[in-house]
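> So the protein lines, in turn, are chains W and E.
Residues in the first sequence are numbered consecutively from 1, following the working numbering.
Residues in the second sequence are numbered consecutively from 1, following the working numbering.
Simulated from the structure, these hints should not be mistaken for lab results.
Just to be clear, a hint being listed does not mean it is correct.
What the hints assert, rightly or not - Here are a few chain E residues that face chain W, going by a calculated C-beta distance under 7 Å:
hint, residue
1, 8
2, 12
3, 16
4, 77
5, 79
6, 80
7, 81
8, 84
9, 87
10, 88
11, 89
12, 90
13, 91
14, 225
15, 226
If you're wondering where the values come from, they're calculated on a predicted model, not measured in any experiment.
Just so you know, even glycine gets a beta-carbon here, dropped at the ideal spot from N, CA and C.
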Amino acid sequence: MHADFDSVRLVEVSRHFGRRRALSKVSLTVGAGDIVGLLGPNGAGKSTLIGLLATLVAPTAGAVRFGDRTAHAMGPALRQAIGLLAHELHLYPELSARQNLTFFAELYGLDPAATVDAALARAGLAERGDDEVNGFSRGMRQRLALERALLHDPRLVLFDEPFTGLDDRAVGLVSDRLRQLASAGAIVVLATHDLDLADGLVTRVALVRDGRLIADEPASSGLRARYRSAMGSA
Amino acid sequence: MFLRTALLVLRKDFAIEMKSLEVLLTTLFFAVSCVLVFAFAFVKDGRAPEDAAAGILWIAIAFAGTLALGRTFERERYSETLRALLLAPAPRAALYVGKLLGMLALLGVAEGLLVPLVAFLFQASAWFSRPLLLLAVLAGGTVGFAAVGTLFAAMLVRARSRDVLLPILLYPITIPVIIGGVRGTAALLASPADEVTATMWIGILFAFDVVFVTLSLWTFEPLMTE
Chain W
1 MHADFDSVRL
11 VEVSRHFGRR
21 RALSKVSLTV
31 GAGDIVGLLG
41 PNGAGKSTLI
51 GLLATLVAPT
61 AGAVRFGDRT
71 AHAMGPALRQ
81 AIGLLAHELH
91 LYPELSARQN
101 LTFFAELYGL
111 DPAATVDAAL
121 ARAGLAERGD
131 DEVNGFSRGM
141 RQRLALERAL
151 LHDPRLVLFD
161 EPFTGLDDRA
171 VGLVSDRLRQ
181 LASAGAIVVL
191 ATHDLDLADG
201 LVTRVALVRD
211 GRLIADEPAS
221 SGLRARYRSA
231 MGSA
Chain E
1 MFLRTALLVL
11 RKDFAIEMKS
21 LEVLLTTLFF
31 AVSCVLVFAF
41 AFVKDGRAPE
51 DAAAGILWIA
61 IAFAGTLALG
71 RTFERERYSE
81 TLRALLLAPA
91 PRAALYVGKL
101 LGMLALLGVA
111 EGLLVPLVAF
121 LFQASAWFSR
131 PLLLLAVLAG
141 GTVGFAAVGT
151 LFAAMLVRAR
161 SRDVLLPILL
171 YPITIPVIIG
181 GVRGTAALLA
191 SPADEVTATM
201 WIGILFAFDV
211 VFVTLSLWTF
221 EPLMTE
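Build the full structure now, drawing on both the sequences and the hints.
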């Protein structure tokens with residue numbers, strides 16, 4: 001069964017880790033074509049939200065619905081529709097770029113011959129495909145990790161602090177790719193605390209603080225001022 | 001899909017290990033060192049104490065196996081690749097099976113070295129007169145130990161004190177397997193070899209294996225979901 005859905009909906013989702021409340025009754029709907037910026041200070045609960053959407057974290061209460069079904073109802077096939085790029089790059093440094101992409105392509109049931117070379121070219125690593133990831137700069141690794149995350153053409157694309165440690169050129173490449181994905185109908189969620197990068201990129205803003213969603217609204221100019229006002233008044 | 005995913009994980013681990021040989025060499029070095037220390041302590045005037053060989057073999061397997069379990073999952077912690085594996089559209093238990101197969105292969109190589117070494121140093125060549133029974137005892141004990149160890153090592157991959165916690169959790173649960181392995185291999189050293197006792201312990205070991213592998217497959221996904 002191939003999983004497909006046009007929206008992802010968090011319904012009154014809470015997540016506790018022991019006595020620590022990471023998220024509290026968060027409700028949020030993200031639709032196809034949206035780039036939703038999950039904004040908030042460190043420890044606000046952004047990464048937990050991304051983990052919930054990625055099915056790596058289970059909610060303590062509430063439900064995450066992909067279309068009209070839960071992750072449990074959709075089973076492992078749901079994960080064919082999810083791509084995650086996190087600050088940790090999910091690459092094996094001992095393997096070459098090509099070996100990494102081949103492994104993940106096969107893991108997703110793709111034909112490596114049809115996908116890996118194209119992904120290496122998009123990452124600008126066609127000439128370095130047989131080099132170990134160990135020897136790559138942070139920017140090269142990030143570009144490779146981006147292609148790894150998008151190799152299977154996911155419907156729901158999750159980015160958790162994807163700009164950390166990137167130079168301006170690499171930031172531009174990642175931003176362009178995000179826009180392309182959204183215009184192709186993907187559901188994009190971007191967790192970041194970098195307001196300057198989010199400004200002009202996201203189409204909607206979800207402000208999170210202390211595990212609570214304090215604002216969910218269309219993006220407008222002056223994101224920094226809106227963020228300060230929301231965080232100050234929360 | 002299940003078996004294909006398990007074999008992919010195994011092949012990936014093999015490719016990484018072939019580049020560095022890090023886990024293989026440290027495991028073998030540790031296992032051989034362990035046996036040599038026992039040999040220096042117990043072998044006097046070329047004579048080994050009776051019945052020591054079986055215990056020493058299984059201590060070396062257990063200690064070296066614990067070291068290997070920790071190192072194998074350390075690779076998945078660096079760069080958080082375990083999360084990437086858990087995101088794959090395959091039953092998550094297949095990842096466990098892939099890791100388990102890798103651990104069994106590694107312990108198989110270690111045992112290929114340890115058994116002749118222990119047999120030579122502790123005058124236990126009688127083992128080789130019943131090779132199939134010896135293989136069955138080793139397989140039964142190794143599968144049980146690796147099944148529980150792989151599950152715990154995966155669970156602890158994000159724990160700060162994982163190196164300390166792994167043996168603390170692993171050894172009490174695998175004690176029946178270690179005892180079965182020791183009694184089974186010791187029975188093969190009797191003169192003549194006590195095949196009935198060895199076969200009984202093999203049966204017990206395989207029963208443990210069925211229970212441990214089934215429980216691990218059942219609990220892997222919920223345990224790995226944060």
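> Starting from the hint list further up, note which numbers the structure goes against and sort them upward.
Hint check: 4 fails alone, others pass.
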